[in-house]
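As a plain string of letters, each chain reads:
2 protein chains.
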Amino acid sequence: MTKSPLKVCAYQQAVTAGRDANLSAAVAAAHEAADAGARLLLLQELFALPYFCQSIDNAHFELAEPVPGPATKALSAVARARELVIVAPLFEQRPSGVFHNTAAVIDSDGSLAGLYRKMHIPDDPGYYEKYYFTPGDLGFTPIDTAVGRLGVLVCWDQWFPEAARLMALAGADILLYPTAIGWHPPDDDNEQERQREAWITIQRAHAIANALPVISCNRTGFEADPSGALPGIEFWGSSFVCGPQGEILAQAQPNEDTVLVADIDLARAREIRRQWPFFRDRRVDAYADLVRLGRD
Amino acid sequence: MTKSPLKVCAYQQAVTAGRDANLSAAVAAAHEAADAGARLLLLQELFALPYFCQSIDNAHFELAEPVPGPATKALSAVARARELVIVAPLFEQRPSGVFHNTAAVIDSDGSLAGLYRKMHIPDDPGYYEKYYFTPGDLGFTPIDTAVGRLGVLVCWDQWFPEAARLMALAGADILLYPTAIGWHPPDDDNEQERQREAWITIQRAHAIANALPVISCNRTGFEADPSGALPGIEFWGSSFVCGPQGEILAQAQPNEDTVLVADIDLARAREIRRQWPFFRDRRVDAYADLVRLGRD
Chain A
3 MTKSPLKVCA
13 YQQAVTAGRD
23 ANLSAAVAAA
33 HEAADAGARL
43 LLLQELFALP
53 YFCQSIDNAH
63 FELAEPVPGP
73 ATKALSAVAR
83 ARELVIVAPL
93 FEQRPSGVFH
103 NTAAVIDSDG
113 SLAGLYRKMH
123 IPDDPGYYEK
133 YYFTPGDLGF
143 TPIDTAVGRL
153 GVLVCWDQWF
163 PEAARLMALA
173 GADILLYPTA
183 IGWHPPDDDN
193 EQERQREAWI
203 TIQRAHAIAN
213 ALPVISCNRT
223 GFEADPSGAL
233 PGIEFWGSSF
243 VCGPQGEILA
253 QAQPNEDTVL
263 VADIDLARAR
273 EIRRQWPFFR
283 DRRVDAYADL
293 VRLGRD
Chain B
3 MTKSPLKVCA
13 YQQAVTAGRD
23 ANLSAAVAAA
33 HEAADAGARL
43 LLLQELFALP
53 YFCQSIDNAH
63 FELAEPVPGP
73 ATKALSAVAR
83 ARELVIVAPL
93 FEQRPSGVFH
103 NTAAVIDSDG
113 SLAGLYRKMH
123 IPDDPGYYEK
133 YYFTPGDLGF
143 TPIDTAVGRL
153 GVLVCWDQWF
163 PEAARLMALA
173 GADILLYPTA
183 IGWHPPDDDN
193 EQERQREAWI
203 TIQRAHAIAN
213 ALPVISCNRT
223 GFEADPSGAL
233 PGIEFWGSSF
243 VCGPQGEILA
253 QAQPNEDTVL
263 VADIDLARAR
273 EIRRQWPFFR
283 DRRVDAYADL
293 VRLGRD
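Just so you know, the protein sequences line up as chains A and B, in that order. Quick note, the numbering used here runs 2 ahead of the 1-based positions in the first sequence. Quick note, the numbering used here runs 2 ahead of the 1-based positions in the second sequence.
Wrong hints could be hidden among the right ones.
In this list, chains with the same sequence are indistinguishable; a pair is considered to hold if it fits within one copy or across any two.
As the list claims (entries may be wrong) - Straight-line alpha carbon distances no greater than 20 angstroms define the calculated SDA-like cross-link-like pairs of lysine to any residue that follow:
1) Lys132 - Ser57
2) Lys9 - Ile250
3) Lys132 - Arg285
4) Lys9 - Gly128
5) Lys132 - Ala30
Just so you know, the hints here were simulated from the structure itself, not pulled from any lab data. What you are looking at is a predicted structure, and each value in this text was computed from that prediction instead of being measured.
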């Protein structure tokens, strides 16, 4: 049983064009997290890269890397040195030449604990992910680590309650959402705030529905569209950690690089699941149509 | 296509021991809602009765009524007179002698549009519903009315994203949650606020995940446990209406009888579903385990 409370960290950063600098910043954040006593570090989606999916350009496939590869090797070293579990989201190229939006989970001994390959792939103006990423083929499978069983999901997955539920049903102790989401600059302030608030609310709701803590890590900073076709994305940061009642434990600002540290109480999560025992009462006899695209 | 915006109403009330007085208050609220231009009225769970499930007492089965019966007849008259759709949650006794926690949906011509029988039944200290209510046998089936296709769910259902999703997949235009939930007086203020906030958050998240407006109606007032075994329930009111991004459009206070009126924009909901097209990307190939109680 994992010790409780567990100190966790999310590192939100504005990336630069130089991936080595971004990786170095993540390694530095890992040390800072460990210095603060954290035993789990969540990095943002595609953490060391600009969000290249703003445009469709096959040169961007050059940004992919194998696992293990340069990013996981550098992070494995710091994970082992500092006994830190690290969730490292990256652009994975498989030996077969298939590309995924993947989170590599590095255990506290530096070994690769497992992979999650993003299952739900968006495709919207500025987020052309269906061009780059084959939908994940590993299912909604949590990954066992020294700090517990991690239900790692990636960005667009956060809008699908099904994903969180499947992780919970498989025994996840924590839900983790590395993310790259931001504002479309022409949208007005009210629309921008509704979007950010929706993003926070639905992830808090996954905590509530499943009585699990949630760690969400979103990049910050403005990134231009290299094609010039779109006005760029203002990533809204706002990374947060919440408890099993959806209560916010710590939250970063929209626009600052932040090593966000919080204590999560896994014993409390188990207690909440007995207090409001939703899992007892699921009507699995009546859920069959959830595997259909529509009931029409 | 339903006219948009649509003015809707939730009526939260503190009930008295006299069900006729509670019913009369609901009829008065229907007139007030219609006077304000509302075309849809949501009443609270078991709207004309004290929340009798605080204790286990077979005398309480006397409170049940058939559908059609006294409550639906009185409400049908005002529905027809004021061209108002009314969602009337009540304690249903079927001719077979089976009892349900049911919402009767009365169309604007006074006819019975359909029933929803609560599918997820709680059973916790002070909420002994499994003793009284057979779980619903009508599934998650929205009900067509003059103002649109209503995805009516009841209270405990609100903690289950599966229920909201199934209503949305069947074409619901609006999700409605009549409720009876409140505070356990010995809990401290922080715990009470976490619970109320969790209740609001998860329902806003159903709006977000499904790009649908939500109307939630919860009773208010303190009700003692007639058995004296428990310290009673302080129902927290806080009924609200939110839009398809989870944005709050109107909200009542915790402790006041309120005829809460809001405009919902069904065209906006359709637009949001195109803007963030979650329904396109559901991984129905990987959701099979949602019909299992656990994946262990």
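Going down the list of hints, with the structure as the test:
no.	hint	in the structure
1	Lys132 - Ser57	within (11 angstroms within a copy, 54 angstroms between copies)
2	Lys9 - Ile250	within (15 angstroms within a copy, 33 angstroms between copies)
3	Lys132 - Arg285	between (34 angstroms within a copy, 14 angstroms between copies)
4	Lys9 - Gly128	neither (35 angstroms within a copy, 35 angstroms between copies)
5	Lys132 - Ala30	neither (32 angstroms within a copy, 54 angstroms between copies)
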